[in-house]
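Peer 1: Turn these sequences into a full structure, and let the hints steer you where they fit.
The primary structure of each chain is shown beneath.
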Amino acid sequence: MPHFVPRFLRLTATLLVALTSVAEAAEQNDLASLLRIQAEVQKRLPQVRPSLVAIQTGGGTASGVIISSTGLILTAAHVVDKPGRDIRVVLDDGSVTTAKSLGLDQATDAALAQLKDRGKPWPSVNLSREVVKAQPGEWCFALGHPGGFDKARGAVLRVGKIVKQTANSLHTDCVLMGGDSGGPLFNLAGEVIGIHSQIWENRDQNVHVSMAPFLRSWEAMQASQVIKTWGVGAGGYLGVATRMSDAVELEVADVIDGSPAQKAGVRVGDVILGVNSDAMTDQQQFTATIKTKAAGDLVTLLLRTDGKERKVPVTLAQRPREGE
Amino acid sequence: MTKDEFRMTKEISMPNAQTSPRASRWLLSAFAILHSSFSLLAESPRPTLPPEQRTNGKQTLVAVGKVAQPVLACSARIESLLGRPVCAATIVGIDGYILTKASEAPDLEKVRLKLTEGRTAELREIHRDVRFDLVLAQAVGLSKLRAANFGATRSLSHGQWLCSSSGASREPRIGIISANHRQIPGNGAALGIRMDEKAPKEAQGVRIIGIATDSPAEAAGLQAEDVILSIADEPVAQFKRVHEIVNKRQPGEYVEVRYLREGKEESCRVRLASRTKVIQNWEGEDFANGGISLRTDGFPDALQHDIPLAPSDMGGPLATLDGKIVGINIARVDRVTTFALPVESFWTEIQQWINADRHPPKAQAAE
Chain A
1 MPHFVPRFLR
11 LTATLLVALT
21 SVAEAAEQND
31 LASLLRIQAE
41 VQKRLPQVRP
51 SLVAIQTGGG
61 TASGVIISST
71 GLILTAAHVV
81 DKPGRDIRVV
91 LDDGSVTTAK
101 SLGLDQATDA
111 ALAQLKDRGK
121 PWPSVNLSRE
131 VVKAQPGEWC
141 FALGHPGGFD
151 KARGAVLRVG
161 KIVKQTANSL
171 HTDCVLMGGD
181 SGGPLFNLAG
191 EVIGIHSQIW
201 ENRDQNVHVS
211 MAPFLRSWEA
221 MQASQVIKTW
231 GVGAGGYLGV
241 ATRMSDAVEL
251 EVADVIDGSP
261 AQKAGVRVGD
271 VILGVNSDAM
281 TDQQQFTATI
291 KTKAAGDLVT
301 LLLRTDGKER
311 KVPVTLAQRP
321 REGE
Chain B
325 MTKDEFRMTK
335 EISMPNAQTS
345 PRASRWLLSA
355 FAILHSSFSL
365 LAESPRPTLP
375 PEQRTNGKQT
385 LVAVGKVAQP
395 VLACSARIES
405 LLGRPVCAAT
415 IVGIDGYILT
425 KASEAPDLEK
435 VRLKLTEGRT
445 AELREIHRDV
455 RFDLVLAQAV
465 GLSKLRAANF
475 GATRSLSHGQ
485 WLCSSSGASR
495 EPRIGIISAN
505 HRQIPGNGAA
515 LGIRMDEKAP
525 KEAQGVRIIG
535 IATDSPAEAA
545 GLQAEDVILS
555 IADEPVAQFK
565 RVHEIVNKRQ
575 PGEYVEVRYL
585 REGKEESCRV
595 RLASRTKVIQ
605 NWEGEDFANG
615 GISLRTDGFP
625 DALQHDIPLA
635 PSDMGGPLAT
645 LDGKIVGINI
655 ARVDRVTTFA
665 LPVESFWTEI
675 QQWINADRHP
685 PKAQAAE
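Just so you know, the sequences run in chain order A and B.
Take the first sequence: its letter number 136 is residue 136 in this note's numbering, and every next letter is one higher.
Take the second sequence: its letter number 253 is residue 577 in this note's numbering, and every next letter is one higher.
Don't take each hint at face value.
Quick look at which bits of chain B chain A covers, simulated, 3 or more residues with Cβ under 8 angstroms [unchecked claim]:
1) 371-382
2) 438-444
3) 480-488
4) 600-611
5) 621-634
6) 658-672
No lab work stands behind these hints, which were simulated from the structure alone.
Where is the CB? At the ideal position from N, CA and C, for every residue including glycine.
Peer 2: The following block contains the structure:
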């Protein structure tokens, strides 16, 4: 019985997503919307392009993106290979500098590197913290240095759609090739939503690391740790099932025996108002928020029990395996 | 999960540093697919965008249906006399003048033009231009065709939508200007062989010690340990001589190669390709590219775009979404790159050739 409930949650989220993407498809079929996409990409491109870098590791050439003025780079784990490695970095204008690789997550292909201090801020972009928003059908654009840095050619842009989202990756029809690895995938707000990771035979099969593994393992990666596995399933385990109440509030429908939620005193009928500082309004958002947290993370639930608000700290656990 | 997801590409590997100093390892590998570790998620399939809703899916392309009409009307196909597709063509004169990719159609007597509605016509070659890799021809007996309506490329910038047609059924395809407008330097032609630099003691020929992946040599069936005796009837005794002979030719040209295999003399016809791509793809670094053109470089001016096209779509028109033809697709280069010649680079010159052909100088009476 305990295992039925979490699976049900996932199914609900899936259905919601499917309905949304069908509705969106209808409005994208006119020329005006294609031209709107073009205008948005062309507006964002000059803003984000200076933060794209080419990475030369000695073993090959790849890409990356600067996401802080202090020079933190997101790239792919198979690009840097291990922590503490010196890498050569070529900026968009062709100037050359160096960086050191920090930690990486080999299971998901996420990695961080740190540019050396240059005495002034680095050009940077923001990353999207709302991983769940990158849904199938959304337009996006990719930048990178396919085949390596080429000054005359410059960065190579691709515009396409998200084809699929998984726990740790996004699939798009922005066509990638060797040298793009580690480069950024952007949403139309100019935020990084993916890091180019791998390709399959078909042109619609281009795989990017989503922001989920980066957000989940941020501190470990900054501390130059190598993450080889990260527990079972998708992120941390709380142990509650939710439903939307008659008042259209997010309500606890079931609490699994022995789960972190039960140990922390979460009860059936509690209304979930927030997780940490984020307000929660629906099941999909709640599931996604918990999924971005790792086992061992402390989250604070804001609940309303019998009309009174209370804060409940819960330390997430490993998701129980089938049959346990 | 769909079956497609298990179809993995081969892994990249280090190119041979000796033969390919320019090639570097491109990082974007296909390793063990990440999904296999998420057993808990396997039962609930994730929503996948149906193919018809993707960037080049039917539903998205509804938006360009009307604007694609002028593009489709001035595009035609070149096919062999048996109906095998060769490449695409752009109609540039209502009286049957067309342009196509010269290196894909080396002999116009062996091919014919096929219009969208199905009519075919023989081609009369008028002018072959190596710099642009274009050949101007006239379709014999055709008139009142829809010719390309050329527009300027100066205002095009990164991210601008473009449209071309693909395949025998000439379906529209969209993509964007993806990189800087620039000159593409040429680096000559290549066979795709690595040779023994020492002249053999037996004093005959040049020994092959390696063959590049997907190269002209591989396609023609040449193998390591074959000893090349002559290329295009010129005897070779040193590897430098092979370079000299090959380098003065163009990608797309055929050369006859005579060679010794296990003591027996044999010969084959090799169709040369651009040296740059042969070297960069020495060990298949540019995998899953869907095929590339034989000639991919040496263009005085090129637009780069990301429309998903095939090598056999080269020679066809490239248009903006307001229906103006801004160029001719000239090379499928790799998985992400297509080059197009911008109209300004060739059109003035081509018009002169068309005019000269329409109004030939009157024959001078012999004195």
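Peer 1: Each hint needs a verdict: does it hold in this structure or not?
Peer 2: So, going through the hints one by one against the coordinates:
1. 371-382: As far as the segment 371-382 of chain B goes, the hint holds, because 8 residues have Cβ atoms under 8 angstroms from chain A.
2. 438-444: violated (count 0)
3. 480-488: Coverage by chain A holds for the segment 480-488 of chain B (5 residues, Cβ < 8 angstroms).
4. 600-611: holds (count 4)
5. 621-634: With 3 residues closer than 8 angstroms to chain A, the segment 621-634 of chain B meets the three-residue bar; holds.
6. 658-672: As far as the segment 658-672 of chain B goes, the hint holds, because 4 residues have Cβ atoms under 8 angstroms from chain A.
The structure fails hint 2 only (numbered hints given earlier).
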